[in-house]
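*Asks:* Construct all of the structure, not just a fragment, from the sequences and the given hints.
2 protein chains.
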Amino acid sequence: MGQKGTETRIRILNATQELVETGGYASAGLNQVIAASGAPRGSLYFHFPEGKDQLVGESIRRAGQAIGSAFEDLAESSASVAEFVEAVLRHLGDRLEESGWRKGCPVATVALEMAGASNPLQQACSDVYTSWTAVLRARLEGRQDADDLAIAILALIEGALLLAKAHRSREPLDRVTGQVAALLR
Amino acid sequence: MGQKGTETRIRILNATQELVETGGYASAGLNQVIAASGAPRGSLYFHFPEGKDQLVGESIRRAGQAIGSAFEDLAESSASVAEFVEAVLRHLGDRLEESGWRKGCPVATVALEMAGASNPLQQACSDVYTSWTAVLRARLEGRQDADDLAIAILALIEGALLLAKAHRSREPLDRVTGQVAALLR
DNA sequence: AAAAATATGTAGACCGATCTATTAAGGAGC
DNA sequence: GCTCCTTAATAGATCGGTCTACATATTTTT
Numbered sequence: 003m004g005q006k007g008t009e010t011r012i013r014i015l016n017a018t019q020e021l022v023e024t025g026g027y028a029s030a031g032l033n034q035v036i037a038a039s040g041a042p043r044g045s046l047y048f049h050f051p052e053g054k055d056q057l058v059g060e061s062i063r064r065a066g067q068a069i070g071s072a073f074e075d076l077a078e079s080s081a082s083v084a085e086f087v088e089a090v091l092r093h094l095g096d097r098l099e100e101s102g103w104r105k106g107c108p109v110a111t112v113a114l115e116m117a118g119a120s121n122p123l124q125q126a127c128s129d130v131y132t133s134w135t136a137v138l139r140a141r142l143e144g145r146q147d148a149d150d151l152a153i154a155i156l157a158l159i160e161g162a163l164l165l166a167k168a169h170r171s172r173e174p175l176d177r178v179t180g181q182v183a184a185l186l187r
Numbered sequence: 003m004g005q006k007g008t009e010t011r012i013r014i015l016n017a018t019q020e021l022v023e024t025g026g027y028a029s030a031g032l033n034q035v036i037a038a039s040g041a042p043r044g045s046l047y048f049h050f051p052e053g054k055d056q057l058v059g060e061s062i063r064r065a066g067q068a069i070g071s072a073f074e075d076l077a078e079s080s081a082s083v084a085e086f087v088e089a090v091l092r093h094l095g096d097r098l099e100e101s102g103w104r105k106g107c108p109v110a111t112v113a114l115e116m117a118g119a120s121n122p123l124q125q126a127c128s129d130v131y132t133s134w135t136a137v138l139r140a141r142l143e144g145r146q147d148a149d150d151l152a153i154a155i156l157a158l159i160e161g162a163l164l165l166a167k168a169h170r171s172r173e174p175l176d177r178v179t180g181q182v183a184a185l186l187r
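For the protein sequence lines, the chains are A and B, in the order given.
Take 3 as the starting number for the first sequence in the working numbering and just add one per residue.
Take 3 as the starting number for the second sequence in the working numbering and just add one per residue.
Take the hints with a grain of salt, since some may be wrong.
Same chains, same label: a pair holds when it works inside one copy or across any pair of copies.
[What the hints assert, rightly or not] Calculated pairs, SDA-like style, for lysine to any residue (alpha carbon to alpha carbon, straight line, at most 20 Å):
1. K54 - E100
2. K54 - A72
3. K54 - L186
4. K54 - E9
5. K54 - S29
6. K54 - G31
7. K54 - Q125
8. K54 - A28
Worth flagging that the hints you see were computed from the coordinates, not collected in a lab.
*Replies:* If you want it as structure tokens, here you go:
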């Protein structure tokens, strides 16, 4: 793949990621992707011959990896688990507010849209959540109930992010931050 | 409004609720609503002259009230707060599994789809979450941090429900149930 | 090194299907 | 007779996807 082609592919993926995160799978039209990325229709189907599902699938896995990496960085640079979770909430809150309440969890909307049927996109979302759970689980190594705690913390984060996006306010994130310590005690 | 008309209106709302909860706002086509409800196109626009937004808005408020009432019932019949939350998780888990992993939170998908813009539907979702928070808050009366706790518990519930739907499994709900006590201690 | 051949990527017109919404006409029940 | 409600045809826009022609690199051949 040449230089130009790779760049176009990435521009298309970035545009898709934006649109999907803002409005979900069904609302992200390929015409919008084309317009936002500047790539013509033919290029889209050259780089993603299987169409919309492939495009959104790759876009979701990419976004999942980006967030996962951020989690790992924050896990390393935090002294305690509580600090780590608070850093995650702050990071996601910044991202959400700076995007004008558009960018919450890049996976959640598609996950909810697709869960009704067991298709590749549903699996992709499930996989992303599993990978994030593993990052949390690793940071909890040694604790009893580490598996349960990892899920509970991820649920708390996802729930707070959902409420914050729904209310268009950081308040839920801030309030939850104060309760993390209780969960970890 | 006559008997027949009221029935049609309710059939339309029920069908909309089902479809919206399963796949979100954008994926719920009016053609599907018509097919599922048995009502013809004209009836839909007779009962909901403002179109899809009005239809989905009413449908969401209705679903929000139904879940809110269930919360209140469970709050009354539970001896402790922990029991109450566990009963809620069980109730929502049953609903989710019995529906073939389609019916999670009836508001979440639309909330995530719409949060990017501040429109009436976004407001409707926000209002539903506010009303649920109030129910939880009332059950926590007397506790310090009652406001924070109410949000944290709702976040935990919503997050667990999201993960359960995404994974098509009760496991996240079950694991979170075991951690509720820690949060409430 | 020049030219021909092949691979890679771009460009946009076009297709049938489906979308939300409107309209005009007729039937049902008080 | 009059309101309430249903019926179905239709409009215009947009959907995801296909197709052919063209441009630009890259490699092969001479």
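*Asks:* Of the hints stated earlier, which fail here?
*Replies:* Violated hints (numbers, rising): 1, 2 and 3; every other hint is consistent with the structure.
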